[in-house]
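Novice: Now for the letters of each chain:
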Amino acid sequence: MMDNIPFLIFSFITILTALGTVTARNPVYSVLFLVLTFFALSGHYILLNAQFIAVVNLIVYAGAIMVLFLFVLMLLNLNKDSEAPRPWLWQISAALSAGMLLVVLAGSMREASLYLVKGGPEAGEIGLVKNLGKALFTEFVVPFEISSILFLAAMVGAVMIGKKEKQQA
Amino acid sequence: MNVPIDQYIYLSSLLFCIGVFGVLLRRNAIVVLMCIELMLNAVNLLFVSLSSYMGDASGQIFVFFIMVVAAAEASVGLAILVMVYRNTRSVDIGFLDKLRK
Amino acid sequence: MDQALLIEKIILVLTMLGITLLIATYSTYAERKVAAFLQDRLGPDRAGPFGLLQPLADAGKMFFKEELIPAASEKWLFIMGPGIAMFTACMTGAAIPWGTELHIFGYTLNMQIADIDIGILYIIGFVSMGVYGIMIGGWASNNKYSLYGAIRASSQMISYELAMGLSIIAVVMMSGSLSLKEIAAQQSGMNWNVWYQPLGFVIFFTCALAECNRAPFDLPECETELIGGYHVEYSSMKLGFYLFAEYINMFISSAVIATLYFGGYNFPFQDMISSPALLGWLQFIALFAKIFFFIFVFMWIRWTLPRFRYDQLMHLGWKSLIPLAILNMVITAAVVIARNNGF
Amino acid sequence: MERLTTRAKQVSNKEMTLMERIYLPAILHGMGVTLKHFFMKKASVRYPEVQRPFSPVYRGVHVLKRDEEGRERCTACGLCAVACPAEAITMVAEERKKGEEHLYREEKYAAVYEINQLRCIFCGLCEEACPKEAIFLTDKITPVEEDRASFIYGKDKLVEPLDKRVDVSKRQSWRLNQA
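Residue numbers (the working numbering), protein chains in the order written: chain A, 18 to 186; chain W, 721 to 821; chain V, 9 to 351; chain Y, 12 to 190.
Because the hints were derived from the structure by calculation, they are not lab data. Just so you know, even glycine gets a beta-carbon here, dropped at the ideal spot from N, CA and C. There may be inaccurate statements among the hints.
[Said to hold, decoys possible] Distance windows between CB atoms, simulated: (1) Thr-28(Y) <-> Ala-79(V): 48 to 58 Å; (2) Pro-154(Y) <-> Glu-231(V): 28 to 38 Å; (3) Thr-23(V) <-> Pro-154(Y): 43 to 53 Å.
Build out the structure end to end from the sequences listed, making use of the hints.
Specialist: Now the structure itself:
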C-alpha cells in the first residue's frame, strides 16, 4: 500500500484542481487551477514511466496553451466576475448528468476485459524518447504528417479569423 | 509501484466527468474551452496508463496526436472567441444562440 | 534509492542552489559595475573594498523596506507571482551537467543533479513556466502598466520559444541525444558545437536574451514606457525576488549556452591532464569561466543596444529568427543524413 | 544657413544592403565601441577623498569682511540689496553710538543683515555693488540644513570671526586683474 502514496497524492491534487477549474468564479483562477491539474497529470505520467509525455505535457499544455488562454483573458479584460450563475435547477441537473455519466463509465470499465493488463507499468523503456520517436517516424509517419498539416491549417485559420476585416467595412 | 490499472481508469473517468460537468455548468465560453481541455487530458491519462501497463508505445503516440489537436483547437477556438467578443462584447455562450431565433 | 546516493544528491542540490544564488547576487553587483565601466564611471565602490559588499547592502535594503500590497489587487496571486518566478528559475539548474565528477575528500561526486534523459526538454519546459510568474504578478497588481507588461511578456516569450526550440533541434540532430550530459560529453576538447552551428548559436543567444527579458528585449519591464512594467506595484523583497529571478535566469541560460554550443565543461587540450581529480576541478572551473563570460556578454549587450519597439520585436521573432532557424534545421538535417549515409 | 552643429548627419532613406539588413556587423561594431570604453580611464572623482580644485572665480557662501582693526566694514548703504536680482538680501541700518568705534568702521552699520541662501543665485552682483569692499563670496559650499529657516543667514553666520579671518585675497587680486 505504501507504493500507492505518490499516486494517491497526485490523484487528490488532480481532482481537487480540476474541480477548482470548473467552479472558480474568476476565469483567471480557472486557468491557474488547470495549470496545476496539468502539473499533477505530469506527475502521473512520470509515475507511469512516460517521461517524454510528461515533459511535453508541461511544455505544450501548461507552457503554451494555458498561456494563450491567460493571454486572451487578460487581453479581453474578462477577469471580473461577469458571469451570471446558472439557475439552481440547472446546476443540479448538470451535476446529476455528469455523475450519471461517471457511473456509466466506471461501470462499463469494470466489466471491460482488463485481464490483458495485469501487474504494474513496464520498466521505463517505452516512455523513452528513442522508442517513441522510432514508433512515431515509422509506424505513425502518415498521421504525423497529417497532424502537421492540421497544425498549419489551424495556424492559417487563426490568423485569418483574427485579422481585422478592412476590405468589407 | 503497484497501482492497479482500475484506479487509473476511475481517475480518468472522474476527470472526464468533471470536464463534462464544467461544460454543462459554465457560461463563459473560455472556461468551457478549458473544460474541454480537461476532458482531453482525462483521455490522455487513460492512454498513457494503458500504454505503460501493456508495454505498447502506440498509446503514447496517440497522446501526442491529441496534444496536436488540442493545440490546434485552442488556437482556433480562442481566435473565434476573440472575434465573437469584438462583435458582441461578451463571451457568454448563451449569447451565441441568437442565430436560432 | 540507496542512502549514500540520496545524501550525495541532497548535498549537490544544496550546493548548486547556493552557488546559483551567490552568483545571482553578485550578478547584480557585476551588472552595476559593468554598466558603470561601459559608461566611463566607477560604479558602486563604497560598501567594502571595491564595493564588494554592495549586494548585501541591497539585500538589507530590500528586506527592511515597507511592504505594500495594493488594496485592489488579488492578494494571493500578488504574493504568489514572485514566488513562482523564483521557483521556476531555480528549478532549471537541475538538468545541467556542472562538470563530470569532482573528487573531494576521497569521494567521487557526480556533478549533475539529475541526468534526465530529456534534459533539454526539461529546461525548455521550466523556462516556458517562467512566464507565469510575470503574468500572474502583472495581472494581480491590478495596474494597467503591469498588465501591459504581463501581456507583452507572454507574447514575447511564446514567440521566442519557437525559434529557440527550432535552433535546439539542430543541435539535438547533430548529437543524436536530448540529454545534456551526452551533448556535453560529445564536445570534448575543442570539438564545440558552435563551429558547426554558428547560425543556430546566434538564434539561440538572441532568444535567450528575449526569454530572460534582458535588454534589448526588456519590453515587459521597460522603464520609459511602462515605468517598470509587470513589477510596478511591487516593493521590498517581492520586488527583489523578481529582479533576482531575472539574474538566476541569466545564469542558467548562460550555462545552457555554454553546454549546448561551447562544449560545457570541456576545454582544449584536456586529454593531456592525466590526474582525474585535477581534471574534474579544471572542468568545473572551465564551465564557470564560460558561464561568467556569457553573463558578461549579456550585460555588455544590455548596455550597448537600445530597446526594440514592440512591432520590431515581433518582426524579428516571427519573420527573421523562425525562418532562419527552420533553414538552419533543414540544412543540418541534410548534412546529418549525408554523413550517416557515408558521403 | 550657418550650421548649428558639426555633428549633423544627413538622413537618407536608401534601401539597405543585405549586409546592413543583417544588423550583426553594426551590432558588433557598437559592442566594440562600448568595450573600448570599458578599458578607458574613468571620469568619476571619488568625492570625499578626492576633491576637484575650485576655480578662482567660484562663488560660494558670502562673508561680511572686517577691516584690519577688526571693525565691520559694512555701512548698510543697501546697494547690495538693490543690486541683488534674487532679492535675497535684507538689512536694518542703525547709527553707531558712542563707544562703538572699535566695532563699526562707519557711522552707520547694519544691525540686521540677512541673506536667504535658498533665494540667492550666487551671481556675485552684491560683491560688485559694494562700495566698501564689505561683502565677498567665498569658495565655501552652503552646508545642508534640515529646515528652511536655517538657510536664512544672519550676521552670526555671515560676519567673519575675529580669530578666524576669511582670506579673500585670491578673489580680490583676480578682480584687480580683470579691471
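Novice: Is 48 to 58 Å right for how far apart the beta carbons of Thr-28(Y) and Ala-79(V) are?
Specialist: Hint holds: Cβ distance 56 Å, inside 48 to 58 Å.
Novice: Taking the CB of Thr-23(V) and the CB of Pro-154(Y), does the distance hold inside 43 to 53 Å?
Specialist: holds (52 Å)
Novice: Taking the beta carbons of Pro-154(Y) and Glu-231(V), is their distance inside 28 to 38 Å?
Specialist: holds (34 Å)
Consistency note: the structure conflicts with none of the earlier hints.
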